[in-house]
Amino acid sequence: MVTVHLPSSLALVVAELPRVAQVEATTVHEVVRALDARWPGVADRVLEPGPAIRRHINVFVDGEPARLETPVPNGSVVHVIPAVAGG
Amino acid sequence: MPERLLLLVGTKKGAFIVEGDPARDRWEVRGPTCEGWPIQDISYDAATGRLYAGGGSPWFGPTVFRSDDLGATWQQSSAGLTYGDDEAAPKISAVWNVTAAHGSVYAGVGPAGLFRSDDGGETWQHVEGLTNHPSRPTWQAGAGGLILHTIIPHPSDPNRMWVAISAVGTFETTDGGATWTARNKGVRADFIPGPPPETGMCVHKLVMAAGEPEHLYQQNHCGVYRSLDGGRQWEEITGSLPTDFGFPMVTHPRDPKTAWTIPLTQPDRGRFMPDGSAAVYRTSDGGDSWARLSDGLPQEDAYIAVLREAMARDELDPVGIYFGTSGGQLWASRDNGDSWSSISTTLPPIWSVDAVRIAG
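Keeping their order, the protein sequence lines are chains R and C.
Residue 62 in the working numbering sits at position 48 of the first sequence, with consecutive numbering throughout.
Residue 281 in the working numbering sits at position 228 of the second sequence, with consecutive numbering throughout.
Source of the hints: derived by calculation from the structure; they are not laboratory data.
The structure presented is a predicted model; accordingly, all values stated were derived computationally and were not measured.
Watch out, some of these pointers could steer you wrong.
Simulated pairs of lysine to any residue, SDA-like, Cα-Cα distance not exceeding 25 Å [as the list claims (entries may be wrong)]:
1) K65/C to V34/R
2) K66/C to P96/R
3) K66/C to R81/R
4) K144/C to I71/R
5) K66/C to T41/R
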């Protein structure tokens, strides 16, 4: 089981999406798929064609920057965070 | 039955719903909605009562919001709004136009392409016929990007539609989007040397005359034009306008010979109202002549601009005309543009204005 922390700005546009979710997954891509299966639309907001994580979205696994293929060990904590923009 | 008049205002920082009283004298601003997303266009589907708002977030990508309660609450979806996962496939950054017609909803996007939804905006399908046009490899972006910004469905024939792309030009389909024909003959492209090409024209806004589906107007990067044959041939009507550059254009709801535009200085001269003196121009004879309308608008130090989607007209009599500036000012006229008053001077940069009449 993986714990995923999601940004409030994402929860605003995806119906009933919580700020913290628990999913079964072994990679970041599987995390996004699992979220999308329960709250449809998450993948379209977090991923761009490729697929790849959108340019201005950062994902961290246990505090380390991650990509879609990054492994997510059982018990990991994943953060999805919009990148800093502006000054 | 009483009616409500709503202005749908898309801005850099969300959508606003501006409601007028019956006299169009007092206005109430509600918003921002759409969670503050940049909104390029908002439209109303009279057949379903649904609002659609298209835009794109720098973080979360392009999407279309939809609302069944006149903007109080919104849902969004971009399911299917993609050119696919191929490495060479362009990535869509924003939705620039949303238009409902004949039971479907159409979205124009950047990089330029057309999408259709047959389920009220929940899922989208690529109208591949336009992307497959032979000219596609030559399409070039304008200053605002390579964007499909205007969609004009034929009022009675669901198989006919015109779209406008910057900086490519106008296209028409007569077979429901399967194939498209460029409609740019007679339009200048001063930035391309040699004889006029079939495409490459920088159309800024395309509009249809009231009750005459073959009668089109366009404000282009290089002049103002009319066509009386569905875009097969265009005739320049820039005439006495102070410049040949501008973005928005709207047509009268009942008189096919009346239209409004807002000339701006050329791109290399600032893209603002000439001499810092704000004015809207109206033709009442199909473009043969233009009248300058400025009563109530600032005539000094008004270095303001109006973007392509940011002018609208209502259906009342006399016609109300509205425009929003890229500096966040919203102006209204309730007398065909003859005189003007300010609705707000403090909105975010305005990208689109639409005016809709809704049964109370």
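Now for the hints, and whether the structure bears them out:
1. Only pairs whose Cα atoms come within 25 Å are accepted, and K65/C paired with V34/R is rejected, the gap being roughly 29 Å.
2. Between K66/C and P96/R, the direct Cα distance comes to roughly 17 Å. Compliance with the 25 Å bound is thereby established for this hinted pair.
3. As the CA atoms of K66/C and R81/R are separated by approximately 30 Å, the hinted pair breaks the 25 Å bound.
4. Of the pairs offered as hints, the one joining K144/C and I71/R holds, with about 15 Å between alpha carbons and a cut-off of 25 Å not exceeded.
5. Only pairs whose Cα atoms come within 25 Å are accepted, and K66/C paired with T41/R is rejected, the gap being roughly 35 Å.
The structure fails to meet hints 1, 3, 5 from the earlier list, while all remaining hints are met.
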